[in-house]
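Undergrad: Sequence:
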Amino acid sequence: MQRRDDGWWFIQIMLPHGHHQYRFLVDGMPVLDPRAMGKGRNQLNEEVSVVAVG
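The sequence shown: position 19 = 19 (my numbering), numbered continuously.
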């Protein structure tokens, strides 16, 4: 990730069509995205953020 001049962190990742699960890692702790399209659970039943790519 790269830190922008305004203090926000930024990364761009090309994803294929479909629904994708993710979490942020902040100081070693998993954190959900407050701006995510939705929430779900992964294979370990952990809460994750979800984004849909069309």
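Keep in mind the hints are simulated off the structure, nothing from the lab. Check each hint, because a few of them may be wrong.
[To be verified] Here are the simulated distance ranges between beta carbons: (1) G38 <-> M1: 21 to 27 Å; (2) G54 <-> D27: 32 to 38 Å; (3) R4 <-> Q43: 29 to 35 Å; (4) D5 <-> L44: 35 to 41 Å; (5) F10 <-> V50: 18 to 24 Å.
Bear in mind that the values here come from a model prediction, so they are computed numbers and not experimental data. Backbone N, C-alpha and C define an ideal beta-carbon position, used for all residues, glycine too.
Undergrad: Compare the structure with the hints numbered earlier in the document and write down the numbers of the violated ones, lowest to highest.
TA: none
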